[in-house]
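S.K.: Sequence:
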Amino acid sequence: DWEFIIPLTKEDLLKSTSGQYSVENLIDWKTCLSSLKDLKKDISAKGCVCILRRFDILYSILSEKEIDFAQLQDVYDSVISRMLKDIGSFVREAILNEDPDSKREAVNVIKMNVYIFSIFEKAYEDKLSFNSENFISEPKRSKGLKTKTKSVKPEDLWDWNLQKKLAFTYIYEMLQQKLNLLWPSYVVEEALINLIANCCYKAFENPDVGQAKLKPLRDSVSQVLAVLVASYNHGITCIPKIVQLMKQFEQAVPAIASTAVLMTTEYKCTTIIPKILKELSISIHDDDVPGLAKSVATFITDIAEANPELLLPSVKALSRNLTVEPYVVRNASLIAFTEIILNCFSDGNISEGSQGTRDQLLRHLRNHLRDQNSYVRSKALQLWSKLAGARAIPKSYLMILLQSAKNRISDKSLMSAKSAIQLFTVVLKENPYAGRLNLTEMRGQLLQAKTILRNINAKRTLPKEEAWAHLEVDLILEINKYISNLENELEEEMVSTQSINISDVLLIIIKLLLEKHFVEAINLLKQSELQFPDAQEIRCNLDKNADPVEYYTAVFKKIFTKSADLPLEFDNFNEEYTKQKAVVDYIEVIRLAIISESINFTILMNDVGKDINSILKSKSVMGVSEAIEFFTVAYQFGLADSRRVMRNILLLVRCDQPAIKEAVAAAYRKLYLTTCHKTARARALQVCLVTFMYFFISSAKALKGLVEAVQEFVLEGIFKRGTLVLWEKFDKKDDQITEKESISALILLDMIAYKKPSLVSSNLQTVINAGFSEHRDLMAVQYSCKMLSKISMIKKDGNTSLCVLRLPGDHELFEKIVNLVVINFNKVDIQGYKPMSLAAVTMISKTCCYPEKVLDLLLRKLYVQIFDSDGNMDSTFFSVKEALIERLLLIHGEILLSTLVHIYLVIYYFNVFQEKVKKWQYFNYDVVNMLAKSSKNQDNMQKEIDDEMVNDAIMNAVTQLCEELVTEEPTVNAHIRDVAIKVCTNVKEPYSGTLKAAAATTLAKYMMVSQAFCEDKIQLLVTLMEKSKEETVRGNLVLAIGDLLMRYPNVIEPWTPHLFTRLSDTSVTVRKNTVVVICHLVTREMVKVRGHVAEICLCLEDTEVSISEQVHSLFIDLARKGNTLYNIIPDIISRLSNPERSETITTEVFDRIMKFILGLIGKERQNELLVEKLCTRLCEATDKRQWRDLAFCLNQLNYNEKCLKKL
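Take the UniProt record's numbering: the final residue in the sequence shown is number 1207, and no numbers are missing along the way.
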């Protein structure tokens, strides 16, 4: 007679104790294997009971250290698994047996089987863990070598996880029985419960337990643990064990969380989660365990996402977690609060206590918008966005939240700033105030609501006389009708009533009159005459029989108007009206409050829009993308300034960041190109109309962005069906199509043709007929020329061919365009001639096979309209023909520049396709023949120097050709050139500003063509740029200097300091052009800003917004280019803080400039070096202002340990 006592350690079973089962000696390994066959037969015959006599064999096998996986698997499959499978039925039979000895035996069987499973699980898991820790991967083989067949490991063939799942299922079935009936005390032995629980905990230690494929195993283990806690008093032991598991095994946390949820929901163990959280909170505060914070965060998050209502009793414990150091725990607690609000408090009908809890959770979320950790701030903002998206934020709390979140837009953390913008975007989408947030409209509605409410609160009845006037007409008609009916019918006998007095009668009559119940009022009056024969209040001095209508009208008027002691307000007579009045009062008050709140919300969102607008200029791709999304929504809600910002956003489509380009394209696709029309034609028409509208309200800069956007949309196929509609609009197929719509269609077709030039060639005749007729607006002619220029982008025989599509010189197109330019030349008042003529010159040079012939013909036709055959001019030349000279100069400059471009195009084609280009004859100057002749000499030279010499010969010939275009005498070109020089040099002559601007621009174009002419006239050009009184001249020449610097860097470079002086020009246009040119040159490294960077920095404070924005963008671009910005920062500080500077800079300006520039330094190494350099300069400085400025700069930098040491 013995009892199996579950040992603390496996070796304890080897110790012999009276009354307890013990293993006398470990059985030899070979004996065990031979006995295993008999054991299998016993199991088949007796089931799990055979373990009473065979326990030593299993114990000895599992104690063997050299046992391999195959042998362990065989033991489990043939013995342990079969016994566990049988134990459920065995327990059911044992419970029914009343014999105490049988029950004692059953207890031993249960404990032995579970114990054997537990030591097998430990042995097998330890062996797997040992193999994985000592696993050496096979070396990679070369591609050419054959790989040997992989040997399959025994542990891979056998699914241990499946076997564990089945084992726990069997144990769960056993636990479902009334096991306590087998013990004399009716309490299951705690050691057995702990043994089963330890098997569960061991299963959670598996590194792969969190994988989806092991969900069946996790569910089985969770069910067993839940039964142990719910039915076998394992809760007290379970909690510390779970905490210990979470400390040691991070991968077990999801399984533990699902187990805790199961215990609470299905087994009603409601205290298990609060107790676990309490223990975890204590551990987090007191223990420094690596990985515990992440485990706690995962546990809280998993429960919050699965069943957030289970965390409601643990709000206090979670609130304490908000003060712990690991930010992941704070984030998890905030996630839990959010899920609780969404799932428990989102219903509008919540109790007062629940409302207090909800407000407390909201305060926690709002407070952590200012958390010291940026990840927590970002997470809090994201959670608020989630609440806003679900409309779970109380309306009364929304403005408080937005005021707090507004500061996070300028957060130093890009992630927090991005999350803040997302929050405002969601709030704007889901705002509870209005669908249109137009401040002007809302203020009008507010004024109207106040007026209505004021009228309601005023006296609601008209004066008695005025009220009687409204009733009198209808009353007389009704009395007439009543008297007529009395004459035709017998008058009914009136019955007097003694229950009311005369005052009550008067009140009732007045009420009936006000409600227009005239017949009832007449009947009551007649009845009262009988009842009160002496009452003068219901009688008058008229004769009743003479005119009954007049008599009764007079009586009713007397009652209505002369009853001085009667309150005549309408409210006293109609209780229903009183109720309606109260409802109306309430509704108007609520409406007034809503409009006021809407106005406050709109004002706040307008302010937020200004802050987010600054993000569009930042270097954060994420921030810019979110800002674009915000303004897309703001535009839909009609927020102030959103239309202007959306036009500026269109410029970002030219950005080099794909994410930003996609965000811009998506925004405009959503706003303008998404239609609800069913037919393809209607959709195409709507898209085109929206694009037309946008074109005419856009600025020049926005139009450049629109071109880029349209080209992106063309690639996406959005305009695939719209081109036919556009051609119909352009060609004016419908008489109702206006000239404006036709031009808009043409402009859009021009944009599309950039990506689809074949669109032009296939509709060439339509363009010629519709675009170059004499009655068309010159703007239509201009864009027709621009569109036809796209023909040069089409290759005749494919991409590998040299020959681009060009038209013969005698084509009708060139005849028409030359005639249009010449016919309109003398029409000084006509609008759009200059851009049309310049576009015509460009088109001819790009599309004509012999452009020089057509352009020469055009120039001579224009020349003869001003000068005689000898080129002479009379004394009234400039005064009479000034406008024509201006046009001639502009056209001549464009012709020379187009000729230059064409020459270089021929050179390019010659270098690529020499044999084909030799057959061309493009110019009278025999360019191609010259190139071919130069290339013929290649065979007579050495190969290593041949190419270089030929290239030099070609470039020399081209240079000579360009010089002849400008300097050759005497020609028409030379005469026009002299006119331009005369206008530029004769300062005293009273030329108009437009003529001076045209002459200066043309002079710059001559310099672009001829280097010798450029060297000769550069001083004149710079003088005009600095001294000219016309801002147009100065602005144009600033742009020209930039182009000349790109073409002749060695010639122009000494003159670049004069360009930087234009940054302080009095004209906004000149400063703007200067900034554009300098930004262009700096980003292409054509000029060095060192020495002039201070003047560029001061443009950050320019009053013109576009200038400061351009310089902002320049410094952001420099910050992205390695060390470029870092290298010039010391120079910026030195020049801005120089006490000997001619114009002293205020400290406020210095602070704003340096705060922005130093904020662009993101690399830690650059930060450290800057600290070192500034500290050195601080020691060397002698002026107080320099000390102050350097100290401010040091204050703007971020510090790590190295920086602090240097400081």
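Honestly, the hints are just simulated from the structure, not real lab data. Every residue, glycine too, gets a C-beta built ideally from N, C-alpha and C. Each hint should be verified, as a subset may be incorrect.
[Said to hold, decoys possible] Here are the simulated lysine-lysine pairs, BS3-like style, with alpha carbons at most 27 Å apart:
id, residue 1, residue 2
1, Lys732, Lys756
2, Lys526, Lys464
3, Lys165, Lys247
4, Lys464, Lys412
5, Lys661, Lys1121
6, Lys786, Lys816
7, Lys756, Lys827
8, Lys46, Lys127
9, Lys294, Lys316
10, Lys544, Lys557
11, Lys40, Lys103
[What the hints assert, rightly or not] Label pairs and their computed distance ranges (CB to CB):
id, residue 1, residue 2, range
12, Lys1163, Asn407, 22 to 30 Å
13, Pro432, Glu205, 34 to 42 Å
14, Gln1196, Asp777, 40 to 48 Å
15, Lys1088, Cys1175, 20 to 28 Å
16, Asn826, Asp777, 36 to 44 Å
17, Ser404, Thr265, 32 to 40 Å
18, Asn986, Ser1067, 20 to 28 Å
S.K.: Run every hint past the structure and note whether it holds.
M.R.: Results of checking the hints against the structure:
{"no.": "1", "hint": "Lys732 to Lys756", "result": "holds (22 Å)"}
{"no.": "2", "hint": "Lys526 to Lys464", "result": "holds (23 Å)"}
{"no.": "3", "hint": "Lys165 to Lys247", "result": "holds (25 Å)"}
{"no.": "4", "hint": "Lys464 to Lys412", "result": "violated (71 Å)"}
{"no.": "5", "hint": "Lys661 to Lys1121", "result": "holds (20 Å)"}
{"no.": "6", "hint": "Lys786 to Lys816", "result": "holds (15 Å)"}
{"no.": "7", "hint": "Lys756 to Lys827", "result": "violated (36 Å)"}
{"no.": "8", "hint": "Lys46 to Lys127", "result": "violated (31 Å)"}
{"no.": "9", "hint": "Lys294 to Lys316", "result": "holds (20 Å)"}
{"no.": "10", "hint": "Lys544 to Lys557", "result": "holds (15 Å)"}
{"no.": "11", "hint": "Lys40 to Lys103", "result": "holds (25 Å)"}
{"no.": "12", "hint": "Lys1163 to Asn407: 22 to 30 Å", "result": "holds (27 Å)"}
{"no.": "13", "hint": "Pro432 to Glu205: 34 to 42 Å", "result": "violated (50 Å)"}
{"no.": "14", "hint": "Gln1196 to Asp777: 40 to 48 Å", "result": "violated (56 Å)"}
{"no.": "15", "hint": "Lys1088 to Cys1175: 20 to 28 Å", "result": "holds (27 Å)"}
{"no.": "16", "hint": "Asn826 to Asp777: 36 to 44 Å", "result": "violated (18 Å)"}
{"no.": "17", "hint": "Ser404 to Thr265: 32 to 40 Å", "result": "holds (36 Å)"}
{"no.": "18", "hint": "Asn986 to Ser1067: 20 to 28 Å", "result": "holds (23 Å)"}
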